[in-house]
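Generate the whole structure from the sequences, applying the supplied hints.
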Amino acid sequence: MKIQVFAILKDFFKKEFEFKTSVHTIADLRVALALINPEATAVLKLCRFAVQDEMVTDHYPLTGNEHVLVIPPSSGG
Amino acid sequence: MFWLFHLAAEGNMDFITKKQIDLVALLQKSHCPTAGAVVLFSGEVRNHNIGKAVKHLEYEAHAGMATKMIAEILLAARNRWNLSIAYAQHRIGKVKVTESAVVVITASVHRGEAYASNRYIIDRIKHEVPIWKCEHFTDGSKEWGGNCNCHTETGDPNKHLYEFKVL
Chain A
1 MKIQVFAILK DFFKKEFEFK TSVHTIADLR VALALINPEA TAVLKLCRFA VQDEMVTDHY
61 PLTGNEHVLV IPPSSGG
Chain B
78 MFWLFHLAAE GNMDFITKKQ IDLVALLQKS HCPTAGAVVL FSGEVRNHNI GKAVKHLEYE
138 AHAGMATKMI AEILLAARNR WNLSIAYAQH RIGKVKVTES AVVVITASVH RGEAYASNRY
198 IIDRIKHEVP IWKCEHFTDG SKEWGGNCNC HTETGDPNKH LYEFKVL
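Going line by line, the protein sequences match chains A and B. Per the working numbering, residue 1 is the first one in the first sequence, and the count goes up by one each step. Per the working numbering, residue 78 is the first one in the second sequence, and the count goes up by one each step.
Some but not every residue of chain B turned toward chain A, in silico, with C-beta under 8 Å:
hint, residue
1, 142
2, 179
3, 202
Anything over 12 Å on all C-beta distances counts as not near chain B; from chain A, calculated:
hint, residue
4, 1
5, 2
6, 14
7, 17
8, 19
9, 21
10, 22
11, 24
12, 36
13, 37
14, 63
15, 65
It should be emphasised that the hints constitute simulated quantities derived from the structure, not laboratory data. For every residue, glycine included, the Cβ atom is placed at its ideal position computed from N, Cα and C.
Below, the structure written as structure tokens:
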């Protein structure tokens, strides 16, 4: 699946990358990303995730073909 | 009167923009025969934060999601307060001190609804919409905006004032 990160997460990951490890849910993906870069763990815990530009919950099932957005806490305004 | 904006009819529908926000021009377009009150909020870049001198801010957004979410927020506000006008625009890219980073305009029959709805819209934009701020300081350091400030109200960094819409 394709992973796209934003804002502070670009300090920890490439802006876009292919993620080939098998994960079944968003919750699994959150843990797997933290294992890739443990320094990002605290931020990842607060992130929301979106699939095909729609927000999803931790239970959302992944097939491996998705485009997943990792969305840090908003700080607009 | 088309509620979302006569602004829209004039090709000014961008909720996310790279251009400098023209507050005067937007206000000029925000007068409506059904509204006795117009409120314009401008969130502007100040020259200091956390004890450091700010050089400028840099905003990033997922423009597609942000546009859709802002439209939903404006629609919710319009329905709740029966607004004549509900409009918001957030800038992305480099924003200098004193420039506007975000503007919210509401218009209603009386001022109470215009004030309340304006506060509702800006709070939801700040807390929910995928827009991020990076502060650049005069000493050369930078800091991402990081968390929203919901935890100051809720006491829990994982609990936000507004529930996010999820599938």
